[in-house]
Every structure is written in structure tokens, then in C-alpha cells.
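Visitor: Sequence:
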Amino acid sequence: MLEYIKGRVISKGEDHIILEKEGFGFRVLTPSVFDEKDDVKVFTRISIKEDQIIVYGFRTIEERDIFDKLLTVSGVGVKHAFSILKRYSAGELLQIIEEGDVESLTEVQGIGKKTAQRIILELKGKLDFVRFEIIDDIVQALINLGFEKKESFKAAREAVKESSDLQTALKKALQKLSEKG
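Each residue of the sequence shown is one higher than the one before, counting from 617 in this note's numbering.
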């Protein structure tokens with residue numbers, strides 16, 4: 617199986633990138649955001665249908681694993697899984713599922729209340745294998761600074777929406793907590 621592709625993003629669309637590697641241009645469908653001309657490593661999932669081969673690509677292994685888990689939920693197809701991963705990071709989705717936050721899932725286009733409930737029911741407790749290092753690191757740093765775990769997790773979740781860089785996200789989380797306190 618093709619685990620990942622390292623290459624340069626030569627163009628991008630709303631739901632895909634063209635990744636050039638050794639003179640080949642791979643069209644990779646992705647919910648992740650990549651910048652043109654960046655050299656990237658894209659973790660892949662391949663679907664072979666009657667008349668086409670589709671390559672799905674993800675920024676992290678965790679994102680790909682969550683995509684796979686979402687597809688195991690009855691009524692959730694590739695389109696829904698992509699929409700969910702476009703809207704929420706892996707860490708955010710884990711928190712939403714673990715907290716049973718149906719309302720947040722229904723904010724995703726195409727996900728109704730019943731589907732959201734089914735996702736939570738079928739995946740709650742099954743995503744523990746996934747480490748979401750940035751959120752975990754931010755939460756741990758905030759706890760070490762004396763903040764409560766719940767408020768730290770919420771601030772980290774909001775900060776990661778704005779930046780996936782650890783230092784920048786940590787600063788944003790601290791700003792959010794300072795504004796509240």
C-alpha cells in the first residue's frame with residue numbers, strides 16, 4: 617500500500633492538490649490546507665474503483681486514521697468525512713466526540729443531528745490511539761502555569777484553529793485565558 621508521498625505542491629483547488637514527484641503529477645483529494653510550491657509529505661489512502669484510482673491525502677497520520685474511522689460509521693461517506701476534517705482539526709474532533717457535542721458536528725454541512733449522534737456513539741472511546749501533540753503540549757504547558765485542565769483544553773482548541781504552529785498557538789491560548797481572567 618502507498619503510505620505517503622513526498623513531493624512539491626504545484627497547484628491546488630478547493631478539495632485537491634497536484635503533487636509533483638519524480639516527474640509525475642499526482643492529483644490528491646485532501647481536506648487539509650497546503651500551500652503551492654511547498655515541499656510536503658502527504659499521508660495517503662487509495663480507493664480503486666471500476667474506472668479510476670483516487671488518492672486521498674492528509675497532513676498527518678492522525679488525520680488519515682480519523683478519516684478511516686469516520687468511514688466506518690454508518691451513513692458517513694467520503695464527502696461527509698472530508699467536510700468534518702475540513703471544519704475541525706483532529707484534536708478538535710476528538711474533543712467533540714469525547715464530550716458528545718452533537719451541536720458542533722451539526723455545524724458541518726450535510727451532517728444532521730442523527731448522523732452526528734451516530735458518529736459520537738460509534739467513535740466515542742475509539743480514538744484514544746490518536747495523539748494530538750500540539751493540543752496536548754499546549755494543555756500541558758497551561759496546566760503547568762496553573763490553569764485548569766478544562767479551560768486549558770478549550771483555549772488550546774480555539775488557538776489551534778488560528779495557528780498550527782506550537783509557539784504561536786500557545787501564545788494565542790495564553791491571550792485567550794488572560795482575557796477571561
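It should be emphasised that the hints constitute simulated quantities derived from the structure, not laboratory data.
Worth double-checking, as some hints may not be accurate.
The calculated label-pair distances, taken between Cβ atoms and stated as ranges, are [said to hold, decoys possible]:
#1 Q783 to E714: 24 to 30 angstroms
#2 G639 to Q668: 17 to 23 angstroms
#3 E619 to D753: 21 to 27 angstroms
#4 S794 to E638: 46 to 52 angstroms
#5 G762 to D654: 26 to 32 angstroms
#6 Q791 to Q668: 42 to 48 angstroms
#7 G728 to I669: 39 to 45 angstroms
#8 K796 to I669: 47 to 53 angstroms
#9 E774 to I669: 53 to 59 angstroms
Note that this is a predicted model, so its numbers are computed, not measured.
Backbone N, C-alpha and C fix where the C-beta goes; we use that ideal spot for every residue, glycine too.
Visitor: Now tell me if each hint is right for this structure.
Guide: Here's how the hints hold up against the structure:
no., hint, verdict
1, Q783 to E714: 24 to 30 angstroms, "26 angstroms, holds"
2, G639 to Q668: 17 to 23 angstroms, "21 angstroms, holds"
3, E619 to D753: 21 to 27 angstroms, "25 angstroms, holds"
4, S794 to E638: 46 to 52 angstroms, "49 angstroms, holds"
5, G762 to D654: 26 to 32 angstroms, "38 angstroms, violated"
6, Q791 to Q668: 42 to 48 angstroms, "47 angstroms, holds"
7, G728 to I669: 39 to 45 angstroms, "31 angstroms, violated"
8, K796 to I669: 47 to 53 angstroms, "50 angstroms, holds"
9, E774 to I669: 53 to 59 angstroms, "38 angstroms, violated"
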